[in-house]
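Asker: Order-wise, the sequence lines are chains D and P.
Residue 1 is where the first sequence starts when you use the numbering used here, and the numbers rise one by one after that.
Residue 1 is where the second sequence starts when you use the numbering used here, and the numbers rise one by one after that.
I should point out that these hints are in silico values taken from the structure, not numbers from a laboratory.
Note that the structure is a prediction, hence the values are computed from the model and not measured.
Be a bit skeptical, because a hint or two may be false.
Said to hold, decoys possible - Interface residues of chain D toward chain P, partial, derived using beta-carbon atoms under 7 Å:
(1) S76
(2) A81
(3) I90
(4) I92
(5) D96
(6) P113
(7) S114
(8) G115
(9) D217
(10) A267
(11) F268
(12) S281
(13) G282
(14) E283
(15) V426
(16) E431
What the hints assert, rightly or not - Some, not all, of what chain D presents toward chain P, calculated at C-beta under 10 Å:
(17) T93
(18) P197
(19) L235
(20) K260
(21) G263
(22) W269
(23) L278
(24) N422
(25) T423
All C-beta atoms, glycine included, are put in the ideal place defined by N, C-alpha and C.
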Amino acid sequence: MANVSRRYVLRTGLAAGAAVAAARCGGAPEGTPNNPATGPEVNTNQIKDVTLRLIGTGVSQINEIRDKAQEDLGFSLDMRALSTEENNQIAITQPDQYDIFDGEYFSLPLVVPSGNLRPIEIAKVSDWDKIVSFFTSGEYEGMPVEASQGTAPYKVMYLTGPDSTEFSDTPTDFATLIPFQYNADTLGYRPDLITRPIETWGELFNEEFRGKTSILDIPQIGIMDAALVAESLGLMTFADKGNMTKAEIDQIIGILKEQKAAGQFRAFWKTFDESVNLMASGEVILQSMWSPAVAAVQSQGIDCVYAPLKEGYRGWGGGVGLSKNLEGIQLDAAYEYLNWMLEGWVGAFLGRQGYYSAAPENSKQYMSAAEWAYWYEGQPASEDMVDPFGKTLAKSGNVRDGGAFKERFGNIVCWNSTMEENTYLVQKWNEFIAS
Amino acid sequence: MSKTWTVFKPYLLAAPQAIALAVFLVFPIVLIGVVSFWEFNGYSMTPAFTLDNYIGIFTSQVTLKTYLNTFKFVGLVWLATLLIAYPVAFFLSFHIKKLKWQVLLFLICTIPFWTSNIIRMISWVPLLGKAGLVNQLLMGVGLINQPLEFLLYSDFAVVLGMVHLYIIFMIAPIFNSLMRIDRTLITAAEDMGASGFDVFKEIILPLSAPGIAIGSIFVVTLVMGEFVTVRLMGGGQAASIGKLIQTQIGSLQYPLAAANAIILLTVTLVVVFSILRVVNIRKEL
């Protein structure tokens, strides 16, 4: 060993490194601590040892819900709050990191083909028939929502079989997600700075508000708002806003570029907090918003109207689904959790923040008559409306913007969408940002 | 035995760092390079060898525009940090006599670094916003009638944010190289009748050049890949390569993002090597 050369050391080291790397790549994953791949089943009351790992967006991962679920169900929940984008990325690329996926319906055309979700057996969901009919059948009292464009939840609700990654147009026994949170989105504005009522999407491009408006910098959602505005102003028409052609994308992006060059937008926002910040500071006085963001602005003592517009709302909906990794007692626990979500407590909790429950009738029993009348029936508040965190969202006598559930939900005209031309859309969106 | 040890010792000592770099730096970059040739659709990527990602990037108008915009930020931030950092470092090393004060004042320069992005995002609004302190002051004095909108959510704000954030990377190496200058050289030059400007031009500037080069490398590489400040201070309306890549990653277009990342890495390396060719930083090390 005396005459070991420099070259010899390097060569041997590289070979050893390559061998280590190869060995590491070849090994099969052994499972995670919460999801052991091996190990004998022990049949006792072991559900209390179960921990379900949830991933979801920041709006839905709420500690109070976790605590109540742990108390009611007897097992542990581990929640992870992510951005919409990270949530999809993990759902698609890191299936070992979660047991329950809490995501939006419009992300399903991306997530389901990955095969990481396990179809939900509807027979095991006890309150399935209490879910708002639009989610399960696409029908809702003949209201405009039945003809809504985009990735409407019922279009991606059913799968063709127990191991399928294909959507079914007609109801089957296998579902993708149990609806959890959903709402009708629209424009929000500051009534102290805009003295007349805002009644149409077209106002977003009104010169009067130059340099004081904002839209979302998430291509799949921002494009829908832009499309609603362009249609409202008669700038262009779409065969199907929820599935634009390349030519339509070119045209709408062209319109957006013109608006940007003219200085119409103050800023774009990507996260919930940013939109609250822009509105509360007065940097922006009219923008596309999410309903809890409006509530957050109001809770700072600043007036903010969530305008009912004549063209209708942009809908979004999220739900919870199962990871394909679940089995045995973990799977049983996951179904218990799904049933618990529909049972009513969660619905009432979310209802007090302005979201809607998947099974409103179940939530009603957990809400006071005054709360139900304000949030769901569009009646004036008979007392101050306080959210679960102790903030007053509406003073006595106020009426919810847009009115009753039926009026708001029934008038959704399009949904957040994943289009066939998604790749092209993102490319053009980048072009818009760079313009 | 002892001879073997002598041969192996440097390798063993270097091994932990080499392994860490190989596993956490070289390996991921190689993977990014591999993935940049893959194909993708909306939700998955498939191993393949396609040049489409690169062809798409080089034939797109957006790429050139975004790179030009990124270079604009790099140039402005570099110039601003240099012009501010050099006098600061000069003052710290030549005009502050006590080491204690030098350390204390240097620590103050690091304060912008203590805050998180969220804090920064929120705290700029009351200062630069339409109803912010700066606008209130200017209107109060009567200099302007309308609030200045370019102060926030503009290219100006992006540059301001980055200068504020990265200035320490310029101050530190310049301060370091100024401190190493042998003070007797200056005394000697003065004895020979050199003016203050001559001393600066002939001694201080050449001897601090490596510090400037190192600071420049820090600032250039940091700004080339920036996306958080660009988005928050630019209000999402300003483009940079980092932000473009981030949007692509967010939309699950990993191979395209990987191809962009490889090009960005190459461009950044070219810039760094150009700096190294102009200044010999080994003197500093």
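Asker: All the hints need checking, so say for each whether the structure fits it.
Answerer: Here is how each hint holds up against the structure:
A least Cβ separation of about 29 Å between S76 (chain D) and chain P goes past the 7 Å threshold, and the interface hint is therefore violated. Residue-level restraint check for A81 (chain D) is violated (minimum Cβ-Cβ distance to chain P is 14 Å; threshold 7 Å). This hint is violated: I90 (chain D) has a C-beta 11 Å from the nearest C-beta of chain P, more than the 7 Å allowed. Interface restraint check for I92 (chain D): the shortest CB-CB distance to chain P comes to about 6 Å, inside 7 Å, so the restraint holds.
Among the interface hints, the one on D96 (chain D) is violated; its C-beta lies about 17 Å from the nearest C-beta in chain P, farther than the 7 Å criterion. At its closest, the beta carbon of P113 (chain D) sits 5 Å from a beta carbon of chain P; the interface hint therefore holds under the 7 Å criterion. For S114 (chain D), the shortest C-beta to C-beta distance to chain P is roughly 6 Å, which falls under 7 Å, so the interface hint holds. For G115 (chain D), the suggested interface contact is broken, since its CB lies about 10 Å from the closest CB of chain P, more than 7 Å.
Hint on D217 (chain D) holds. Least Cβ distance to chain P is approximately 4 Å, under the 7 Å limit. Interface hint status for A267 (chain D): upheld, as the beta-carbon distance to the closest one in chain P is roughly 3 Å, under 7 Å. Of the supplied interface hints, the one on F268 (chain D) holds, with its beta-carbon coming within about 3 Å of a beta-carbon of chain P, less than 7 Å. A distance limit of 7 Å between C-beta atoms decides the matter here; for S281 (chain D) the minimum to chain P is near 5 Å, and the interface restraint holds.
At a threshold of 7 Å, the smallest CB-CB gap from G282 (chain D) to chain P is about 6 Å, leaving the interface hint in force. Because the smallest distance between the Cβ of E283 (chain D) and any Cβ of chain P comes to about 6 Å, under 7 Å, the interface hint for this residue holds. This hint holds: V426 (chain D) has a C-beta 4 Å from the nearest C-beta of chain P, less than the 7 Å allowed. For E431 (chain D), the suggested interface contact is upheld, since its CB lies about 5 Å from the closest CB of chain P, less than 7 Å.
Here the hint on T93 (chain D) is kept, as its CB sits about 8 Å from the closest CB of chain P, short of 10 Å. Interface hint at P197 (chain D): violated, since its Cβ lies 23 Å from the closest Cβ of chain P, which is beyond the 10 Å cut-off. Hint status for L235 (chain D): violated, given a least beta-carbon distance of 21 Å to chain P, over 10 Å. Below 10 Å, beta-carbon pairs count as interface contacts, and K260 (chain D) has one with chain P at about 7 Å; its hint therefore holds.
Among the interface hints, the one on G263 (chain D) holds; its C-beta lies about 8 Å from the nearest C-beta in chain P, closer than the 10 Å criterion. For W269 (chain D), the suggested interface contact is upheld, since its CB lies about 7 Å from the closest CB of chain P, less than 10 Å. Interface restraint check: L278 (chain D) against chain P, minimum CB-CB distance 8 Å, threshold 10 Å, status holds. Interface restraint check for N422 (chain D): the shortest CB-CB distance to chain P comes to about 5 Å, inside 10 Å, so the restraint holds.
The closest approach between the C-beta of T423 (chain D) and any C-beta of chain P is roughly 6 Å, which is under the 10 Å cut-off, so the hint is satisfied.
Violation of the numbered hints given earlier is confined to hints 1, 2, 3, 5, 8, 18, 19; the remaining hints are satisfied by the structure.
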